[in-house]
Each structure stands twice: as C-alpha cells, then as structure tokens.
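Trainee: If you read the protein sequences in the order shown, they are chains Y and Z. Numbering follows our numbering, with no gaps: position 224 of the first sequence is 224. Numbering follows our numbering, with no gaps: position 43 of the second sequence is 43.
Derived by calculation from the structure, the hints in this document are not laboratory data. Values in this document were obtained by computation on a predicted structure and should not be read as measured data. Built from N, CA and C at the ideal position, the CB exists for glycine as well. Do not take every clue at face value.
Under the rule of at most 27 Å between Cα atoms (straight-line distance), these lysine-lysine pairs were calculated in the BS3-like manner [claimed, not checked]: (1) Y:K72 <-> Z:K2; (2) Y:K391 <-> Y:K72; (3) Y:K327 <-> Y:K394; (4) Y:K327 <-> Y:K391; (5) Y:K394 <-> Y:K72; (6) Y:K391 <-> Z:K2.
Ranges of calculated distance between the beta carbons of each label pair, as one might list FRET restraints [to be verified]: (7) Z:T26 <-> Y:R220: 29 to 37 Å; (8) Z:A22 <-> Y:F202: 50 to 58 Å; (9) Y:V196 <-> Z:V23: 45 to 53 Å; (10) Y:L227 <-> Z:A22: 32 to 40 Å; (11) Y:F205 <-> Z:T26: 28 to 36 Å; (12) Z:N4 <-> Y:G172: 52 to 60 Å; (13) Y:Q100 <-> Z:I9: 40 to 48 Å; (14) Z:I9 <-> Y:G274: 23 to 31 Å; (15) Y:P97 <-> Z:V23: 35 to 43 Å; (16) Y:T7 <-> Z:I9: 22 to 30 Å; (17) Y:T7 <-> Z:A22: 32 to 40 Å.
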Amino acid sequence: MQSATHTRPADQNTVLTASLAILGISLFVQQSIAGMQYLAFLIGVGLGITLLHAAFGFSSSWRLFIRERDGKNIRAQLMLLGITSLLFFPLLGQVFPSVQTHAALAPVGISVMAGAFLFGIGMQLGGGCGSGTLYTMGQGQVDMLITLIFFIAGATLGSAHLHWWLSLPGYGSISVIEYFGWWQALLLQLVILAVVYSLVRFLEFRRHGRINPVEWQLPRHEIAQRLIHGRWPLWWGVLGLAILNLATLIVAGHPWSITYAFGLWGAKFWAAVGGDPGSWAYWNSGYPALSLNSSVLEDTTSVMDFGIILGAMLAAALAGRFAPAMKLTQTRVLTAVAGGLLLGYGARLGFGCNIGALVGGITSGSLHGWLWLVSGFCGGIAGVHLRILLKIDKPIEVH
Amino acid sequence: MKRNQTRIIVGTAISAAAIAVAVDHTRQRLPEPEKQLAGQEAVIIINEGEALPGENNDDCVKSVSSGRRASPCSL
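Here chain Z stands alone, though its shape is the one from the complex (with noise of 0.2 Å):
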C-alpha cells in the first residue's frame, strides 16, 4: 500500500469519525431547569431493605456525583 493511498484512508476513517462525534453531541438534549425541579419534588417510596437511589452495591455501577468515576466499570 503505497503513503498516499495510507493518506487517503487514514483521513477518511478520522473524517467519519470526527462527523460521528459532531452527530452524537449535537443529539444530545440539555436538561430542561423545570423538569429538573420537578424530580427533585418526586416522592419516593423505599421499601424495608431496598437500596436508597443512588446507593447500589453492586461494584460495577458505582458513581459519584461530581460526575468523576468510581465504578470498575469506567475503566
């Protein structure tokens, strides 16, 4: 394969990879600040021995609030 067909690939693959982030961010919704409120007022019924949301023990989806990662997961 000779340098300039190397080129020619190379850039198509991180041309259509650059498009594909361009689509994926841009089809991501902001959260709305009402809908935001409104989960916060939501009642939530825990039942006797039910993990708190948030709380799971199950090592592979633990996170953390701050958005930083934690879970064996996300690595």
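Extracted from the complex, chain Y is given alone in its bound form (with noise of 0.2 Å):
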C-alpha cells in the first residue's frame, strides 16, 4: 500500500484554469452540439482525473514486468479487462434492448499484428501509450508534447496506407459474443483473463519469491485528501476506468477509444495547409468522411480526448505536480519523435491503441483485442530491447 499523504500544495491558479476551461467547453459543447457530446467530455475529464490521480499506465508497467517480474500494474490492466468484460457483455448481448451499443470490432489480420507490434514498441521509445501520452501530456510533460505531435503525424500517415495494409492476407471481424452466445463468451473470457493473471502472478513469484499486491485500502481519514489530491489505489483507478468505460459505452454507443481522434486531427491540419486527404481511400467514406468535413467537436472521441487532457491537468494541479521541472535531452527529443510516429502509424494499422483496440476489443468481444495484445507485448519486448541498445536503460539483471 501507498503510505504517502499529499504533501505539495495544489497550484491554485492552474485548478483555476482548468476548472474553467472544463466549464466552458461543457457548456458550449451542451448548446452548440446535439446529442449527449458535453456528456461524453465529462467523461473524459473524469477519466483524465483517474488515469493522473492513479498512474493507470501501461508503457512503464509493461516495461517493468518484462525488465524485473513486477506484475502489479499488469494485474490491475487484468482485473480491468475482467471487470469491463462483466460490464460490457450483457449490453453488447442485447439482454437490454433499449440500449444501443456497439462493440470495438475490426477485422483480424497481418494489419493489426504489424501495427500492435510497432505500437508495443513506439510505446516503450515515446514513453507512453494511447492513454498515457494523454494524461501525461495533461499533466504539463513537454516530452509528451513531442510524442504527442509525432503521434499524430504517425496517425495521419498510416491513415494514407491503411487500405494498402488491408490488402493484406486476414479473416475479418470476429465476434466471440456472436460466435458463442454472451454468457457463454463471457465465461470463456474470463476463464482466458484467469489464466494470464495466474502465468503472471508464477512469472513474478518465481522472480522475487512474493507477489507485489495491488493496493486497495487506504487508512479512513486519507479517504478524502486521497480523493481530491491523489494518489489513488491502484484498485480505485481499475474501478473508475471500468465504470467510466461503461459510462462512454451507454452515452457515446461505442467503447472508449482515443487515437481515431490524432488521425482526424492530422488530416483536418493537412486539409487546413492546402492538402486533401480527402482523396485518401480511407477519409473518403464512411464515418471518416463525415467527420473530416464536420466540426472536431462533433467527434465523440476527440470530445473524450480533450477531457482526458484538461481532467489530467485539473488533478496535476490539485496533486501540485502539474509542469514539471525536468531535463529535454536529445536522446529523449529523437525518442519522442521516433515513438510518436510509431504509436501512431501503429495505433491506426492496429484499429486503435492500447485502449481502443486492447480494452475496447477485448472487452467487445472483438479477437483482434486479443491479436493485438499478443503483438503488442511483442513489440514492448523489443522496444524494452532497443531502450537498452539506445543506453537509456541499463542491461536487464536477472538475480
């Protein structure tokens, strides 16, 4: 368990700042767009704020389980794929017709394993994921402002290939909700998600002869400064991210998601200096098109994704850590901008990152969740690999 209490003051004119800047746009968003779209931003300030007060990570935990056998944070990205599995499935089952949903589907094949692969490893070089480079970006890093950038240029680019990679030997979407019934697919999911968790649980027992609990208590009068200033549980952070997915399932009619958002950001810049992705197989039709040619504030996921940055930045500065002092070294510029664009290129060959193809499949019942977690982990494989190669990491020690 965590033992230390919040300590730093909150920077009041940040929380200031931002808690006006989350005003604002709420209430322009509630009169100028229809539907539930201010709902949708509320749930990404509200998933900004858990992702920062919880350190929800999947880069830097990922890296730790391959480098020492710490398998707490990858536990806790278990317990979150289990709990939104029991979530999701009845709804995606349609035992509650009134609610219209849809599941995180894209097709299985060699697109999904080459980007999930490239994303396991531009993950490990930007130093962030989907979410991370988000919260992180939030949180005032300048670094991931670079990954963030890159990210986006990489998004947009892979946009320009998707349809060559399509191309591609693969089997198309695979539902285990359709294919087995909801129950029946949910119970074999989680027997799956079991599995994995009992293999990490022996990989790091057998490492460090104990296993490093996932921490859910917290002593009753820390409750409240805990809440409003950070840091959370790990548990907590599980619970908020199950529980605001289900929120963005309900009010959006999809899963969450994050990096669809880089790629239309991309693509309405390059429209905006004179170029015409609109050309582009994959902005010509569809849902892309249409929003290529709508307002940024009509897509559900970039809504979701300004909310992410501006609730990561509302907790930094609660938690007094908002804009770090920190050193920009040129090894780290060339890593951000390397990372960003493999995070991106891969997030869009993949359909999606760590959260909208490895949650949000995964957790729809979508096999291309499950291909991309195994490449995906691949690639963080090698990435942890060429950080070492790149001597920003020391050589692995195995006692």
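From the two separate chains plus the hints, produce the assembled complex.
Mentor: Written as structure tokens, this is what we have:
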C-alpha cells in the first residue's frame, strides 16, 4: 500500500484555469452540439483525473514486468479487462435491447499484427501509450507534447496507407459474442483472463519469491484527501476506468477509444495547409469522411480526448504536480519523435491503441483485441531491448 | 528545463490547439434545409449487382445512421 500522503500544495492558478476551461467547454458543447456530446466530454475529464491520480499507465508497467517481473500493474490491467467484460458483454449481447451499443470490432489480420507490434515499440520509445500520452501531456510534460505531435503525424500517415495494409491476408471481424452467445463468451473470456493472471503471478513469484499486491485499502482519515489530491490506490483506478468506460459505451454508443481523433486532427491540419486527405481511401467514405467534413467537436473521440487532457491537468494541479521541471536531452527528443510516429502509425494499422483495440476490443469480444495484446506485448519486448541498445536503460539483470 | 519554461510551452501549445479547434468549428457550415430536401428527391440509378447507397461491404467504411459508429476505421 502507498503510505505517502499529499504533501505538495495545490497549484491554485492552474486548478482555476482548468476548472473554468472544463466548465466553459462543457457549456459550449451542450449549447452548440446536438446529443449528449457534453457528457462524453465530462466522461473524458473523469478519465483524465482517474488516469493521473491512479498513475494508470501501460508502457512503464509493461517495461517493469519485462525487465523485473513486477506484475502488479499488469494484474491491475487484467482486472480492468475482466470487470469491463462483465459490464460490457450483457449490453453488447442485447440483454437490454433499449440500450443501443456497438462493439469495437475490427478485422483480424496482418494489419493488426504489424500495427500492434509497432505500437508496442513506440510505447517504449515514446514513453507513453494512447492514454498515457494524453494524461502525461495534460500533466504538462513537454517531452510528451513532442510524442503527441508525432503520434498525430504517424496516425495521419497510417490513415494514408491503411487500405494497402488491409489488402494483405486477414479474416475479417470475429466477435466471440456473436459466435458463442454473450454469457458463454463471457465465461470463456474470464477463464482466459484468469489463466493469464495466474501466469503473471507465477512469473513474478518465481523471480521474487513474493507477490507485489495491487493496493486498494487506505486509512479512513486519508480517503477524502487522497480522493481530491491523489494518489489513488490502483484498485480505485481499475474501478474508475471500468465504470467510465461503461458510461462511454452507454453515452457514445461505443467503447472508449482515443487514437481515431489523432488521425482526424492530422488530416484536418493537412487539409488546412492545402493537402487533400479527402482523396485518400480512408477519408473519402463512411464515418471518417463525415467527421473530416464536420466540426471536430462533433467527433466523440476528439471531445473525450480534450476532456482527458483537461482532467489530467486539473488532477495534476490539485496534486501540485503540474508542469514538472525536467531535463530534455537530445536522445529524449529523438525517442519522442520516433516513438510518436510508431505509436500513431501502429494505432491506425492496429485499429486502435491500448485503449481502443486492447481494452475496447477484448472487452467487446473482438478477436482483434487479443491479437493486438499478443503482438503489442511482443513489440513491447523489442522496445525494451531497443531502449537498452540506445543506452536509455541499463541491461536487464537477472538475480 | 525549469518549471516556468515548461508552463509557458504547455500553455502555448494548449492555447494554439484551442484556437485551431475554434477555427475548425466555425469553418463548418450548417446544412441548408432546401438543399437537404432537394437531395432527398434526387433519383439514384443503381445497376444490377451494385451496392445500395449507404450499403458498403468494406468493413472500414461502415457507419450507422444515428451518427454513432460501428466502423473499425473509427477506432
């Protein structure tokens, strides 16, 4: 359990700025955009607060496990997958027909395999995943601002090439909910997650002779303080993300996703400087064409991403951790550029990032989510070794 | 990099992004009702074997009429 209580004073100016921005944007979106878009924005704010206060990241936790077999955060991610599946499967299985929802289904094929692998490398070089890049950027980390800019560039480039990748062999979308029925598929999913959870525990125990517990309890007198100023026990993060992902599914009609918006922003920027992304196969039909020709505020993913950045900014300011001083070396700039490009390109090919494809795909019963997990983790292993080659990290020592 | 420098860079980036969003939002035109009606009355000729308008077999371009998304391309 984390014993450190909040010691840094809140950054009051930033708290005020972020709060006013959240209030202003939610009112503006409520007035000018039809539907429940403002709710999606507020859910994004909640996600940003949860991610930052619980320090819920994927890239550093995968690296910790690969290097040191510390599986605490990976087990928390598996719990997130299990709890979210419990919430999603009945809805996606039409147990409540009045709630219209769509699964995050995508084709299983070489595109996803290659994309997730590149994304896994990018996570280790760029220093963040889809969610991590957004919330650390909201926290005011300048290196992550560089990663985000090149993440957008990579996603835009990926959207230009996606149709070529989709011409490579693949199987189309496979939904285990449609194949087995929702409760049978849920049972199978929970069994597989339990097996992976046990494997992670076993590997951790074999290395350390003990298991690093996922903390969930706090002394009663610390609860209010930690709720506002952080840091949250990891379990709070798991529950918060699962509940907010459910809220996203109900409000937006699809699971939480992040990186579609990056490609959209890049394509809009390309159009603004005279390019013609509308002539690319990806952007000239269906939802992408619609969103390219509409206000960015009409795209749910974009609005939620803005919410995540502002939510993380608010949480960081409350914790007194906004805009930390840092040393920006040449190597860090180069890895942020390369990592960002790989993240963006990989996310587009993989039909999402660790959130849209891994969490959203798996918890929607889409087989591409599992393929993404395996390929992305293999990319993570490659990325960890690349960090050692580039002398960012020390070689792995096995005791 | 000192904390103040970091704040200035991040603040500038977020302000620039906010301006870009505002410009993008104001560039979008609302559809005119007359044009929408005219569009609904248009005759569409479909050759044998062709897909119906809005019906596309490509997984990547499926979209739903409600504006919510079922397309893998929107992930």
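Trainee: With 40 to 48 Å as the target window, see if Q100 of chain Y and I9 of chain Z comply at their CB atoms.
Mentor: Holds - the Cβ-Cβ distance for Q100 of chain Y and I9 of chain Z, about 43 Å, lies within 40 to 48 Å.
Trainee: Mind checking the hinted window 22 to 30 Å against the Cβ distance between T7 of chain Y and I9 of chain Z?
Mentor: holds (26 Å)
Trainee: Quick one, are K327 of chain Y and K391 of chain Y close enough, alpha carbons at most 27 Å?
Mentor: holds (16 Å)
Trainee: Do the beta carbons of P97 of chain Y and V23 of chain Z sit within 35 to 43 Å of each other?
Mentor: The hinted range 35 to 43 Å holds for P97 of chain Y and V23 of chain Z, with Cβ atoms some 42 Å apart.
Trainee: When you check the alpha-carbon spacing of K391 of chain Y and K2 of chain Z, does it fall within 27 Å?
Mentor: Distance of about 25 Å is within 27 Å: holds.
Trainee: State, for the Cβ atoms of T26 of chain Z and R220 of chain Y, whether the hinted interval 29 to 37 Å holds or is violated.
Mentor: violated (51 Å)
Trainee: Starting from the hint 52 to 60 Å, judge whether the C-beta atoms of N4 of chain Z and G172 of chain Y obey it.
Mentor: Between N4 of chain Z and G172 of chain Y, where Cβ atoms are some 53 Å apart, the hint holds.
Trainee: Is the straight-line distance between the alpha-carbon of K391 of chain Y and that of K72 of chain Y 27 Å or less?
Mentor: Holds, because 26 Å separates the two Cα atoms, which is no more than 27 Å.
Trainee: Holds or violated: 32 to 40 Å for the Cβ distance of L227 of chain Y and A22 of chain Z?
Mentor: holds (34 Å)
Trainee: Need the status of pair K394 of chain Y, K72 of chain Y: alpha-carbon distance at most 27 Å?
Mentor: Distance of about 22 Å is within 27 Å: holds.
Trainee: Should the hint that V196 of chain Y and V23 of chain Z are 45 to 53 Å apart at their CB atoms be regarded as holding?
Mentor: Check passed, 46 Å falls within 45 to 53 Å.
Trainee: Is the gap between the beta carbons of A22 of chain Z and F202 of chain Y within 50 to 58 Å?
Mentor: holds (53 Å)
Taken one by one, the earlier hints fail for this structure at numbers 1, 7, 11, listed in ascending order.
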